[in-house]
Amino acid sequence: MHQNYHAAFWSDPCYTSSSEEEIVENRYSSHIKQKMFCRRLWLKPGTGFWTASQQGAHNLASFHQASLLPQRKLRGLLFPFSELEPHLACSVDRGHFQLFQPSVEDITKAEKLFSPSSSHKIDYHTSAVRMEHAPSQNQPEVCFIGRSNVGKSSLIRALFSLAPDVEIRVSKTPGHTKKMNFFKVGKAFTMVDMPGYGYRAPKDFVEMVEHYLGTRKNLVRTFLLVDGSVGLQEADMIALEMCEEFSRPYVIVVTKIDKCRQGVLLTNLLQLQDAITQTVRCFPQPFLVSSLHFSGIYLLRCFIAHVTGSIQLGDTCQS
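First residue of the sequence shown? That's 0 in numbering that gives the first Met the number 0, and the numbers climb one at a time after it.
Mixed in with the good hints there might be a few duds.
Said to hold, decoys possible - Straight-line distance between alpha carbons at most 30 Å, and here's what the computed DSS-like set of lysine-lysine pairs gives:
| no. | residue 1 | residue 2 |
| --- | --- | --- |
| 1 | Lys258 | Lys178 |
| 2 | Lys111 | Lys183 |
| 3 | Lys108 | Lys186 |
| 4 | Lys120 | Lys183 |
| 5 | Lys108 | Lys183 |
| 6 | Lys120 | Lys108 |
| 7 | Lys216 | Lys120 |
| 8 | Lys258 | Lys186 |
| 9 | Lys108 | Lys216 |
| 10 | Lys72 | Lys258 |
It is worth saying that the hints were derived from the structure and are not from the lab.
These numbers were taken from a predicted model, which means no experiment stands behind them.
Start from the sequences and build out the full structure, keeping to the hints where you can.
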């Protein structure tokens, strides 16, 4: 069922769908209107990898370094929404943008999890093109999905910036990662970089990605990346519907918040928030990040550490 419903989303050059889904417990219902979008085939072979040491250590990779900044600048890095909040109309509900508010101590604790040591190895583990090739393991797992060129690889590099030897495997042609890439964070959890959607891709993508989301028992959270500079696209809406259909908890990460004006970002963010309110399984708060300036990276690290059960947070932090 899942594969037939989403096959065009992943692979067909033209996708048309018209159906109606009712969500159990009468929480909400949605009518999927006819959609059609055509995409050119421009997949090319070639895969490489990038280590954080090749990129160079970011001067704000460590929260300790960031904590030396002026208070206002630090708050903007920790909670990027605080930079946008003054520009919101009084009628806009700010509550859903500020649900996850860990303390400085919690953020520091989470950062240690992303810092390698002799007893806590952080490294690329393996890749898989099909589920039967995926490693069998019991530790919690989180995965990152999103449109091609949404910034998944850049985000993972930023998250792992304290582990400079981690290989971030990417396609030599941007946006064409063909495999699931697994990264182990010690014995705490595994992070999975999924292939991008939105362009014509091999049919194996359908089986690989949807089978993973539907059957991976140790998957504790899916992170759906949306480009903040362009907002929700049709393919993103289909991804939202897919996550709802699999009934797994997921959260939206808004990338590239440094690539557009604040007015554009606010418009896209409010549109996204409207879509989130129509979901059942999505965490109400979107996470805003800039992999270039490290805005939101410390908060996202802390959230990942929390949902994987790697650290315990205070009562004010929800998940």
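Right, here's what the structure says about each hint:
no., hint, verdict
1, Lys258 <-> Lys178, "27 Å, holds"
2, Lys111 <-> Lys183, "15 Å, holds"
3, Lys108 <-> Lys186, "16 Å, holds"
4, Lys120 <-> Lys183, "8 Å, holds"
5, Lys108 <-> Lys183, "18 Å, holds"
6, Lys120 <-> Lys108, "17 Å, holds"
7, Lys216 <-> Lys120, "24 Å, holds"
8, Lys258 <-> Lys186, "36 Å, violated"
9, Lys108 <-> Lys216, "27 Å, holds"
10, Lys72 <-> Lys258, "18 Å, holds"
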